[in-house]
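Quick mapping for you: the protein sequence lines, in order, are chains W and U.
In terms of the numbering used here, the first sequence opens at residue 1 and continues consecutively.
In terms of the numbering used here, the second sequence opens at residue 1001 and continues consecutively.
Since the hints were made in silico from the structure, they are not lab data.
Predicted model only: the values in this text are computed from it and were never measured.
One should not assume that every hint holds.
Derived coverage of chain U by chain W (criterion: at least 3 residues anywhere in the stretch with Cβ under 8 Å from a Cβ of chain W; other residues may be distant) [to be verified]:
hint : segment
1    : 1018-1026
2    : 1044-1051
Lysine to aspartate or glutamate pairs mimicking EDC-like chemistry, simulated, CA-CA at most 20 Å apart [unchecked claim]:
hint : chain 1 : residue 1 : chain 2 : residue 2
3    : U       : 1074      : W       : 200
4    : W       : 55        : U       : 1061
5    : W       : 55        : U       : 1245
6    : U       : 1076      : W       : 290
7    : U       : 1133      : U       : 1145
8    : W       : 55        : U       : 1152
9    : W       : 154       : W       : 170
10   : W       : 201       : U       : 1219
11   : W       : 278       : W       : 290
12   : W       : 51        : U       : 1045
13   : W       : 49        : U       : 1262
14   : W       : 49        : U       : 1242
15   : W       : 55        : U       : 1219
16   : U       : 1074      : W       : 198
17   : W       : 247       : U       : 1045
18   : W       : 51        : U       : 1152
19   : W       : 278       : U       : 1045
20   : U       : 1034      : W       : 28
21   : U       : 1251      : W       : 198
22   : W       : 55        : U       : 1262
Here a beta-carbon is modelled for each residue, glycine too, at the ideal position from N, C-alpha and C.
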Amino acid sequence: MNTKINLAGIEMKNPVTVASGTFGYGREFNQFFDLSKLGGIITKGTTLKPKSGNKPPRICETPSGMLNSIGLQNPGVEYFAQNDLPFLRKFDTAVIVNACGSTVEEYVELCKILNTLDIDGVELNLSCPNVKAGCMAFGNSYEGVREITSQVRKVLDKPLIVKLTPNVTDIASIAKGAEDGGADAVSLINTLLGMSIDIDKRKPVLANNTGGLSGPAIKPVAVRMVYQVSKAANIPILGMGGIVDGKDAIEFMLAGATAISIGAGNFIDPYTSVNTVKGIEEYMKKYNIENLEDIIGTVKMN
Amino acid sequence: MPIQTYSELIEKNKLKDDIYHFKVKSEEIAKAAKPGNFIEIRVSDTTAPFLRRPISIYNLDKEKGIVEFIFQVKGKGTEILANKKVGDKIDVLGPLGFGTFKYENYQKIAVIGGGIGVFPLYELSKCAKQANKQINIYLGFRNKEAVVLEEEFKNVCDKLIITTDDGTYGETGFAINFVKRDIEKEEYDCIYACGPLPMLKAVRELAIEKNIPCQISLEERMGCGIGACLGCAVKTAKSPKESPEYWHVCKGGPVFEAKEVEI
């Protein structure tokens, strides 16, 4: 049984990664299991300079999911390179840095630095809904995505994954923008913009008023978008959105994802990601699948 | 280091219409936990409700390996939890929080609790009492019906003052007023507090004014409970307005030095 996959040149022992912002830089989860069991780790969204994040409340529970507006709190790339990267490199797992900025120049500057680090790839965050400037602002048009991807491509030799926002009218054209800009892969979906109101206070629960919806509630939207993008673009997909077990992961792979990420699922059980690896293996046994890569995009439409 | 366990519910008591006292068996958590720590409970193995419920630890029996917690039914999640039966296995993550109550260096302490915030103060008071500290406890409740655990707290302190907002039981008024009354003559080395935000703000102000060390246990909407999601942010006191600095209740807390956080 072979669970190895290759995501845009990144070799992974299995397709299970952990989504940016749900796993910190790995230390917290290493208390529970050996991080080497994962195919890869996508780091917390990292910026050129440290970022303090949004005012609390930053999260709130919703039906089978949650809203968050953390606001990219992170210690900055320099701190990451000195303190967190050496820790992550102790494990036999791919390390992919989620990179975010507020201007094209910032993204380029950040990726120049990332290009010099011992990392396996970069996930370009063009889809964070919780910061005022940048991120999603670049991510919601074909031209915006193509432009920033091509600028980053010029300074980055490592595998480049572009993370897409689902808060657009045509996800396929956005994915095309990443492909045409020179991305090696796309990851989707980031969170769906949402809002929750405290009816006693008559105010939104989140201090930022709106936040990104994640968890099983968004899974069918994510699966549909992964399928659409797989038909429209010719680059591999890192699929995510509400995955909490092996069955969910298989669903994304059948829809066209080469690898998957566990996001909010990490919060409800620290072992969700490693249990997902086991769940995938059980599915392979059940259906006598020798090579996991063989199932990618094999959904038969009605 | 926290662990995730399926802990057996070995005893369940209903303290009030909506307040439950649970005892679960978990040797590892009981052994590792400190006063001020909390646990997170996944009430259902489905994804609804989705997140774990953070609940403070009320009492630890380290010899028998028992963790006790008390919670109020507030919504769907706590309602499901309240319906668990003795013998059920409960998905518990803990002990959580690196910021715990520190009492070793103080001799004479004041403990202030309000409403359902009194629960985590029991383990603190018990440990401090065992360490021969002198403890005065002030517990404030809305009214007589809301008063809980009077006997239990009485056994772990030198003096217990119960107050009710409406004067239907004990002293009349907020607990903080009686701390203010006693503070000059008692010369407390440290004040500990947990309860509603207005109470914590008043305690913090008083402690800063009188220059007395003060440790407060905070709450914030929480996700993972282990420091990964950065959801439960609390602003640090020293951070400038234009670039606020945040710590997190689940990691830096839940217990903080009062003067170091802005609430």
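Next item on the list: Mind listing which of the numbered hints don't hold for this structure, in increasing order?
Entry: Violated: hints 1, 4, 6, 7, 8, 9, 12, 13, 18 and 21.
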